[in-house]
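Colleague: Below are the chains, spelled out letter by letter.
There are 4 protein chains.
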Amino acid sequence: MQAILDDITAKVTAMPDKGKVATYIPQLACVDPDQFGICVALPDGTVFSAGDAHTLFSIQSISKVFTTTMALGKLGDAIWKRVGREPSGDPFNSVVQLEMENGKPRNPFINAGAITVVDAIMMGHLPKETIAEILEFVRFIADDNTIAIDEKVAQSELLTGDRNASLAHFMASYGHFKNPVDYVLGAYFHHCSIAMTCEQLAKAALFLVSDGVNLSTGARVVSEQRARRINSLMMMCGHYDGSGEFAFRVGLPGKSGVGGGIMAVAPGKASISVWSPGLDRVGNSHLGTIALEMLTQRTGWSVFGH
Amino acid sequence: MQAILDDITAKVTAMPDKGKVATYIPQLACVDPDQFGICVALPDGTVFSAGDAHTLFSIQSISKVFTTTMALGKLGDAIWKRVGREPSGDPFNSVVQLEMENGKPRNPFINAGAITVVDAIMMGHLPKETIAEILEFVRFIADDNTIAIDEKVAQSELLTGDRNASLAHFMASYGHFKNPVDYVLGAYFHHCSIAMTCEQLAKAALFLVSDGVNLSTGARVVSEQRARRINSLMMMCGHYDGSGEFAFRVGLPGKSGVGGGIMAVAPGKASISVWSPGLDRVGNSHLGTIALEMLTQRTGWSVFGH
Amino acid sequence: MQAILDDITAKVTAMPDKGKVATYIPQLACVDPDQFGICVALPDGTVFSAGDAHTLFSIQSISKVFTTTMALGKLGDAIWKRVGREPSGDPFNSVVQLEMENGKPRNPFINAGAITVVDAIMMGHLPKETIAEILEFVRFIADDNTIAIDEKVAQSELLTGDRNASLAHFMASYGHFKNPVDYVLGAYFHHCSIAMTCEQLAKAALFLVSDGVNLSTGARVVSEQRARRINSLMMMCGHYDGSGEFAFRVGLPGKSGVGGGIMAVAPGKASISVWSPGLDRVGNSHLGTIALEMLTQRTGWSVFGH
Amino acid sequence: MQAILDDITAKVTAMPDKGKVATYIPQLACVDPDQFGICVALPDGTVFSAGDAHTLFSIQSISKVFTTTMALGKLGDAIWKRVGREPSGDPFNSVVQLEMENGKPRNPFINAGAITVVDAIMMGHLPKETIAEILEFVRFIADDNTIAIDEKVAQSELLTGDRNASLAHFMASYGHFKNPVDYVLGAYFHHCSIAMTCEQLAKAALFLVSDGVNLSTGARVVSEQRARRINSLMMMCGHYDGSGEFAFRVGLPGKSGVGGGIMAVAPGKASISVWSPGLDRVGNSHLGTIALEMLTQRTGWSVFGH
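Residue numbers (the numbering used here), protein chains in the order written: chain A, 1 to 306; chain B, 1001 to 1306; chain C, 2001 to 2306; chain D, 3001 to 3306.
In case anyone wonders, no lab produced these hints; they're calculated from the structure. Watch out, some of these pointers could steer you wrong.
[As the list claims (entries may be wrong)] Some chain B residues flagged as far from chain A (calculated, every beta-carbon gap over 10 Å):
#1 Ala1014
#2 Lys1081
#3 Arg1163
[As the list claims (entries may be wrong)] Some chain A residues near chain B, calculated using beta-carbon distances under 10 Å:
#4 Pro16
#5 Arg85
#6 Ala227
#7 Arg229
[Said to hold, decoys possible] 30 Å max Cα-Cα, derived DSBU-like pairs, lysine-lysine:
#8 D:Lys3020 - C:Lys2081
#9 B:Lys1178 - C:Lys2152
#10 A:Lys20 - B:Lys1081
#11 A:Lys104 - B:Lys1178
#12 A:Lys104 - B:Lys1081
#13 B:Lys1104 - C:Lys2081
#14 B:Lys1269 - A:Lys104
#15 A:Lys18 - B:Lys1081
#16 A:Lys104 - D:Lys3081
#17 D:Lys3269 - A:Lys20
#18 C:Lys2104 - D:Lys3104
#19 C:Lys2269 - C:Lys2018
#20 D:Lys3020 - C:Lys2104
#21 A:Lys178 - D:Lys3152
#22 A:Lys81 - B:Lys1011
#23 A:Lys269 - B:Lys1178
#24 B:Lys1081 - A:Lys81
#25 A:Lys18 - B:Lys1011
#26 C:Lys2011 - D:Lys3081
#27 A:Lys178 - D:Lys3020
#28 D:Lys3018 - C:Lys2081
#29 D:Lys3018 - C:Lys2104
#30 B:Lys1104 - C:Lys2020
#31 C:Lys2018 - B:Lys1178
These numbers come from a predicted model, not from an experiment. For each residue, glycine too, the CB sits at the ideal point set by N, CA and C.
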């Protein structure tokens, strides 16, 4: 495995086209595009990594998997009254579908859906309490208490978050929100700004590899059925309007973030994280996707074969 | 397995809500809604079946998997220039997205995409030649030369096919078509009208269980990679705007038809077909989906767990 | 008036940017773009004209005013059950709104609406009968029996009419049509292919100048209220998604065609027609609009002032 | 004229269906629906009125005509770089078109357009300064220094203004805004909350009757061309997606507000205001529209006849 990761790292870092770093959050725009990290974690906690796998990066939308998991724990299936579970076919921040469907987001992994999830788990608390709770959960599943929020990124998002503010106010106009819009946005921008390394991220995904249990710590995070369903959501909606492409090329459930990270799951086999800041046309890590495609071709880990 | 299928059949046929039979094709509207069949085929060709598994029904959109497989064989990846591979988030016959994206359908499993696929495989032949070729292919993969087209259904579709004619002319207006619109529609309506039993359908899907090879006949139908990719397309786009729901509840790649059939694949394990004419809100078999959900819960066959 | 028209003609024909001739109908694409005609008809039938005011051109969508007038005569307000009277905000051949509003076109001057109007006035007759009836009506209001259809243009439209065929089949799929789609399209393509000169067109509009009566012949064509309402439809919907622009710049009710003609009405004062084949971005005559803007500025004929 | 107004008032107040009072702004929801006022102002300032023509009501979107007039004075045609002049075909608060057209509103009379106009005229000032300037302008054109803002309505709008906040943040996300979103919204909500009587409103519209001059005071407000263009905007876009209907039935440029007021202009003849709180399906005064239809039928004031 180490040899495979080293080889993939050598190959993708040599590629001339590294995609384009996200520019709409100023703090992300200044990240060095020449970075690439990859990590594979086996169910027992063994990790293999290569490249910049120990560099902290902004996990951005990958955090939506964690908040959705929390929401399912707190509300159970009641969350599906507020957010759907269908791929949207639209970009991550589109408001068109939201208007057509009366303010109910298609799934929890587009921005509108993830903002709704934050409103659902906030339950009358203050933003800082909700943020602390999210952070605690991420530390628990990754078994790492050093994980923290990058405050500079959070502030940068708050100052440039008009599109997300628009989505939030839009949904609030239907009376869907239970907490003040500003509180929800505050917590949302902060959980997007969690900084993690590839290794931390791969470990955090281990509970999705083994039907809800992190076998390296022995902790059951969610039930078997719920773990499978979270994987299905990642498969169907994890890469915005590039989800079909990711399924076609990589064949694993996964979730991307505009910070350039991707967290993927090969059920029963391993969790995988990659990071490279340059994005493709729809906002997913360009080199990261290529690396995952190489990895699943070599390992045969696609869920669509055997 | 037989006991499981018998039990599922007993349970779902006892359910009061059987969904609504499709009415827009007159010939389909008169099918008895109280029918239910299920079949599981193992890689070696062993089949288990229950209920009306030997009754012929109209496979409708399930045929799109077969034509897409043919198109990939004839054109290779060039087919992706004419049709995408993303879930559409829209109903099966929507034209909205088609206009926004200049006549290129989102994927080969919505009507516009499947019509495009027929144009691609027709290659200047007459409709009856193309129909014969499609039928021959289906007989080959199912290893059954008795499979035929239900001409009454085909005529019924032709007479009531304004929506599909609209989609076809729309795409033709962009200059995308290489054959006359009427020829393409004729072949399209006919392949949708292929009649099969659950058992025939489960056998026809065996090549998708075993990475491209029908192990019961030994015939390689497509390459390993292609088989996996066809599975990924079924997972992402196989149930129209209910694809996310199917992935969430059933967790297998599958394709539905408005005749009430569903063909599903558990890679490495089995192919499964169910049929019950009553449909749910988005046009997928109501009891069929429930039966598949029961089956995967009992067998643990979801691709999202292990 | 003659001096004004001569001066306008001199000015606009000297302009370097003449717009772009419509290319989607081959027969229209070969029209010489350097032509320009203008004609003003006073209520008593006096005409002033300049430039190529006696050259025949394809009136295209201007014919929609005539068929709508006929439909109002035949069906009265019942026509509004099948077609709306709101501006669409969309291009002339868009199908998006049609899907959102279940096959009911926004107004009779977009293609879908005009095709519906033809279905409404056809009433079980053969296309050639309907075409003859339309032609007779246009000859009557223009007081000119030489007006005829350009068969070459009609054939050219038939052969390249996929977009309109798509719209027609789309509406037919809702069960809205009372005649065969092919019949309706045949009549539609033919009335779009009527050839007229600026002078004939200005005369044909005289009944809209004088509250329903062509004062030069004494014939009452429609009631006062109906004449005013047809003018309102031209104002609101006469230039597709450039209707607001036309109202803003010209300030008169008018209807354009992709052949480059525009028919406008200054109530109580005059009817005006212009023709120049080059079109602007939204499909209206580029020089024609400029000429009308000049004319209304010099004459003060805007309905928005006094 | 007085007899006509008295008769119309008697007829419409006797009608059982008075429409539905707007409920989304709590302060508007408690207005007594049984009120109706009408006023006609002649160019020399003579006024005829009937019913509740001296009762203050919330002018709401009618204020958009005044702010647009101000913006044209301050920026001239440069305002058209930020807002279009086409009817939208969509409801007043739709965000769909805004996304398709990259944050540029179709016209200044839908909410997104009017919010943009406020941003344009604010020019770095504080909200209270902008509000004062708008109020001063309205007092000037109506020649009445008692006109004021209803603070209760303004506060009610601020508290329930999520939809408008969504539109504003959406446009701000494209970098289109020059002032803080909260400042712009504050000024917007306040100008919508101006309270006027029918008589004040009819007088305020006099400058649009006489090509830019209020003949009763002698003050030129805008140039002749600009007055005509403002009338054209009211005609094309003054009643949201009911603009075609208003043109068809009433035949005059006009602007409605969800407070139940309508301001209309018969160029060269008179300005007219009506008020009745009950709204029709698209948000325009139900009885007000009927009253205007009666008035123009009796007076022949339609711009589409003579």
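Colleague: Measure nothing beyond the straight line between the CA atoms of Lys2011 (chain C) and Lys3081 (chain D); if it is 30 Å or shorter, mark the hint as holding.
Modeller: With a Cα-Cα distance of about 27 Å, the restraint between Lys2011 (chain C) and Lys3081 (chain D) holds, given a limit of 30 Å.
Colleague: For Lys1104 (chain B) and Lys2081 (chain C), compute the direct alpha-carbon distance and say whether it is at most 30 Å.
Modeller: Violated. Lys1104 (chain B) to Lys2081 (chain C) sits at ~33 Å, over the 30 Å cutoff.
Colleague: Using Cβ atoms and 10 Å as the threshold, tell me whether Ala1014 (chain B) really stays out of contact range of chain A.
Modeller: At roughly 24 Å from the nearest Cβ of chain A, Ala1014 (chain B) sits farther out than 10 Å, so the non-interface label holds.
Colleague: When you check the alpha-carbon spacing of Lys1104 (chain B) and Lys2020 (chain C), does it fall within 30 Å?
Modeller: Measuring from Cα to Cα gives roughly 26 Å; hence the hint holds.
Colleague: Would you check the hint for Lys3269 (chain D) and Lys20 (chain A), treating anything up to 30 Å between C-alpha atoms as holding?
Modeller: The hint is violated at about 61 Å.
Colleague: Hinted pair, alpha-carbon criterion (30 Å max): Lys18 (chain A), Lys1011 (chain B). Please report holds or violated.
Modeller: Violated, at about 54 Å.
Colleague: Given the hint that Lys178 (chain A) pairs with Lys3152 (chain D), does the C-alpha gap stay at or below 30 Å?
Modeller: 25 Å, holds
Colleague: Regarding the pair Lys178 (chain A) and Lys3020 (chain D), is the alpha-carbon distance no greater than 30 Å?
Modeller: With Cα atoms ~28 Å apart, Lys178 (chain A) and Lys3020 (chain D) stay inside 30 Å; holds.
Colleague: Can the restraint linking Lys1178 (chain B) and Lys2152 (chain C) be considered satisfied, given a maximum Cα separation of 30 Å?
Modeller: 25 Å, holds
Colleague: Any CB of chain B closer than 10 Å to the CB of Ala227 (chain A)?
Modeller: 7 Å, holds
Colleague: Given the hint that Lys2018 (chain C) pairs with Lys1178 (chain B), does the C-alpha gap stay at or below 30 Å?
Modeller: Between Lys2018 (chain C) and Lys1178 (chain B) the Cα gap is close to 35 Å, so the pair fails against 30 Å, i.e. violated.
Colleague: Within a Cα-Cα threshold of 30 Å, do Lys3018 (chain D) and Lys2081 (chain C) meet the stated pairing?
Modeller: Holds. Lys3018 (chain D) to Lys2081 (chain C) sits at ~24 Å (cutoff 30 Å).
When held up to the earlier numbered hints, the structure conflicts with 4, 11, 12, 13, 14, 16, 17, 23, 24, 25, 31 and fits the remainder.
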